[in-house]
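There are 2 protein chains.
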Amino acid sequence: MSRFHELLAELSTLLGATQVLTDQDLSAWEWDWRKRYRGRALAVVRPASTQEVAAVVKACAQHGVAVVPQGGNTGLVGGGVPDESGQQVVLSLSRMRKVRALDTANLTMTVDAGVILAQAQAAAAEAGLLFPLSLAAEGSCTIGGNLATNAGGTQVLRYGNARELCLGLEVVTAQGEVWEGLSGLRKDNTGYDLRDLFVGSEGTLGVITGATLKLFPAPAAKVTALAACQTIDQTVALLHRARQHLDAQLTGFEIMAEAALQLVAQHFPALSQPLPPAPWCVLLEASGSEAACRLAMEQVLESALEAEEIHDAALADSLGHAKAMWHLRESIPLAQSQDGLNIKHDVSLPVSAIPAFVRSMGQRLSDALPGVRLITFGHLGDGNLHYNVQAPVGQEAAAFLAQHEAPINAWVYDEIMQLGGSFSAEHGIGALKREDLATRKSAVAVDMMRAIKRALDPHGILNPGKML
Amino acid sequence: MSRFHELLAELSTLLGATQVLTDQDLSAWEWDWRKRYRGRALAVVRPASTQEVAAVVKACAQHGVAVVPQGGNTGLVGGGVPDESGQQVVLSLSRMRKVRALDTANLTMTVDAGVILAQAQAAAAEAGLLFPLSLAAEGSCTIGGNLATNAGGTQVLRYGNARELCLGLEVVTAQGEVWEGLSGLRKDNTGYDLRDLFVGSEGTLGVITGATLKLFPAPAAKVTALAACQTIDQTVALLHRARQHLDAQLTGFEIMAEAALQLVAQHFPALSQPLPPAPWCVLLEASGSEAACRLAMEQVLESALEAEEIHDAALADSLGHAKAMWHLRESIPLAQSQDGLNIKHDVSLPVSAIPAFVRSMGQRLSDALPGVRLITFGHLGDGNLHYNVQAPVGQEAAAFLAQHEAPINAWVYDEIMQLGGSFSAEHGIGALKREDLATRKSAVAVDMMRAIKRALDPHGILNPGKML
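The listed protein sequences correspond, in order, to chains X and H. Taking the UniProt record's numbering, the leading residue of the first sequence gets 1, the next gets one more, and so forth. Taking the UniProt record's numbering, the leading residue of the second sequence gets 1, the next gets one more, and so forth.
Isolated chain X, as found in the complex (with noise of 0.2 Å):
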C-alpha cells in the first residue's frame, strides 16, 4: 500500500492537509445523487486553481492512482463517483468558483469549472445579458459538470446544449499538462475540434478547469401557454406549426401525457391546472419583444384551433400565471418521486419518428401490463422524451421495478434505436448506461472512442469505467 501512503503524502503537500480529505465521512462524495452508486475513495482532494488540478493530476499518474473528477455530484448515471475500491481519488472542483471575466461587446463569460450554474446565470442577469442553459439542478450543479456530460435543459429547441453554448475550455490532461483552450471566438478553424471532444466526455479524456461561455441579450419578455392536444401527432402538427410563427423566438415547446397531469393532481392538489384533462398537455414559450410574442402565440393558438390540432388552449396573462404553468411541468418528476419508484428512460427521437414510438410502445406496454401508467413528457421541440413507466394503481412499486425494468429497458432501446434514435439524451453514460453503449452503439464507433480514449490517456488514469 506504499504508494498510496506516498500520494497521500504528496497531494498534502501540493495542497495543504486540510484540502486532502481521507479521514471523515466522504459520502457527500462517494455516493451518486440518486444513491444507486455507493463508491469508496482513497481521498477527496480541493485543489483552488488550475496549477493545482495539474499538480494532482500529475501526482496521480506518476504514482498510477485513478482520478475521479466531480463537479456538484447532480449526474444522473454515476459519472462522477468512485467505485468501490477505495484505490481511486476523487478531484472535486468545488473550490473553484470564480467568474474570471465577462465580455459584453463580445457577449461572453470566462469561468472556472466549479461555478454553480445558477451562479453562472446570476453574473449573466447582472449584465443585462442571458446565459439560457437551464435544469433542474441549476442550484447546485457546475458548469464543468455541465459540460463534461453536454446538459441540456428546458431552453435547447432555442439555444442548443451545453456544447453549443461552449466556446473555449482550460483542461488538465491525463498528462497532467494544461490545454490553455479558452477562447471567445465564433470562428477558428485552426486544427482538430478538442473543445467538443473534451465537452461530453465525461471527465474520461481530461479535467475542465474553466470555461468561455455564450452570452445573449436577455429576452424583453416571455409569453407562455398551454394547449391541449387528442393525439400526439397533433402536438408535432402544433410544433412545427408553431416553428412556422415563432421562429428563433419559440423558446419552449413541452409536452406532458394526461397520466403525467393525472399524477401530479394526485400528489399536488393545490396546484391549478388551468385546463381540463386531456391525452396531451403542451407548453409553449415564446422570448422576445412582449408585443410581438403576444401576437405571433395567438396566431399559433388561433390557427391551431381552427385546424383542430389543437382543442382548447390558455394563455397566461400574467408573470405569475406563466410560472404556475412551468411549476406543473416541473412537478411532474417530483409527483413521480412520490408516487415511488418507476422505470426512467431519458431517449430521444428524430422529432418525425415520436408518434410512431409512442402509439407502438404504449400498445405494447399496456397489453403486456394491464393497467401501466406512462408518464410520458418532456422536450418534444428537441426530440427528448422522459419516457417514464410506473406501476399499475395499488401495486408495489419496488417489486414491478425488481420484475420488469430489465425487459422494459430492452423494449424501450431497442425500438428507440431501431427508430434512430438515442438511448440517453441529456444524461450521458457514466456508469449506469456503460453497458448499453458497449452493445448498441456500432462497433466502428466503439473503436474508434477506444482508441481515441488510449491517445489520450494511455494509463487509463481518468475516471475509468465510466462510459468506455
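No lab work stands behind these hints: they were computed from the structure. On a predicted model such as this, the values are computed, not experimentally measured, just so you know. Check the hints yourself; a few may be wrong.
Each pair may be met inside one copy or between any two copies, as identical chains are not told apart.
[Claimed, not checked] Capping the alpha-carbon separation at 16 Å, the derived lysine to aspartate or glutamate pairs in EDC-like fashion look like this:
#1 Lys441 <-> Glu177
#2 Lys441 <-> Glu180
#3 Lys441 <-> Asp414
Guided by the hints, dock chain H onto chain X, whose structure is given.
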C-alpha cells in the same frame, strides 16, 4: 512501382476503368482553386457510393498509398489537392450527389457528401425551408467539403458555422470501415463527439460520405440597411445595439472600410453607393416577419443616429435595393482581384478586441508602408475580418507582395494571437498554414491533435501533409 500498378488495377476492378482517371489531363483535380498548389496525382478515382469509397480507401491502405479526398476543389488553403509526388490518389466525391431524405417534421435533410451547396439550399427551399449556409463558392463547393473545412460565410451570426448545421455524419475511416453516424437528433449523449472531430478535420481523419443537416423555417422577409460610422468603435457599439433590438432576427452584420468601397467604386463605377464615403460602412440584415423586422431596424438606426454612433443610414425599400447593398459587399474581393495581387488574412478576434487591433495594426502598417491600402471588411458579428493589404496606388502589386508578405503576415498573426484571436477563422489550415499551426498553436494542443491522428489513421493514409 508494382504496388502502384497493382492498386490501379484493383481500383479499376472496383469502380470500372472509366472511373479511375490516369492518362488524361488531371489539372482540374491537381491544381487548387487559387492556383497556388500544383500537385500531381497517381490517379483520380470517382466512386459512386459509400461502399465504393470504403473499398477505395481499403485498397489504398493495403497498398500503403495516400488518399486525398476532394469535393468541389474550391478550398483556399490547398487542402484538397495532392502533393507533387505523383503517388497520391485523389478521391473525388463528385458522383455522390443525391439528396437522400428530407424530413420536414424533424427539420433535417440527409445528403451525399458530393451534393453542391446550392443544390442543398434549393432542396430545402423547395420544401419551404431554409438551409442557411451561404458563401461565395456555393455554386460549386460541396457539403462534404463544407463540413471537412467547417465553412463559415455570411449567415454565421444567426445560424452558426457548418459545424453547428450538422447533426450527423457518415464517414469512411482510414481502415476503410463505414461509420454510420447519420442522425437527426438534437440531443444524444452516448460517447465521445466523433461528429465534431471529423467536422473541420480536412480529410485527415476520415472521408465524409454523407451528412444530416439542420433546416430552419424560411423567414417571411428580410430587411437590409446600410449605416455610416466614423470609427471602428462605433461599429462595435452599433452591433451591440442591433443585437439588443433584433436578437435572433439579426442575420447579417458586415463592415466595409472606406478603402474597400473606394476600390469597388473604382473598378465597378456602375454600382450605386447609397451612402457618401465614410471611414466605415455597416451592412445590417434582419430576417423574420416584414413588419416586426422593419420596425426594429428603424428603431436601431434612429436610436443609433441619436446616440451619434452613426451619422447616416439607408434602409432598403425593395428587394432590388437590398440586393444592391449585398452586391456592394460581395464586390470587394472582385475589386481586389481586378486591382492586382494582395496580402490576404482571414482572421478572427473577440469582437471587443477588434477596435484595438484595427487601430494599432493600421497605424503600424501605414507608418511602415506609406500609402498602403487596408481593404478591411468582413463579418463583424462573428469577429471575423478579411484584413487584406493592398499595395499603395501606383506600386507594382507582385513586387509589393513578394517583398512584404512574410513580414506583414508575421505582424498580423503575432498581434492576432496576442489578442486571443485566430489566424484562420473560416478557411482552415490545409497546406498553406500548416507551419503556422505547428508554431502558433499551443504545444499541448498540437500534441493532442497528433495523438488523435495516430490513433485514427496510424499509417498516415489520409491526406498526409495537410494540417498537421
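Violating hint indices (sorted, rising): The structure conflicts with no hint, since it agrees with every one listed earlier.
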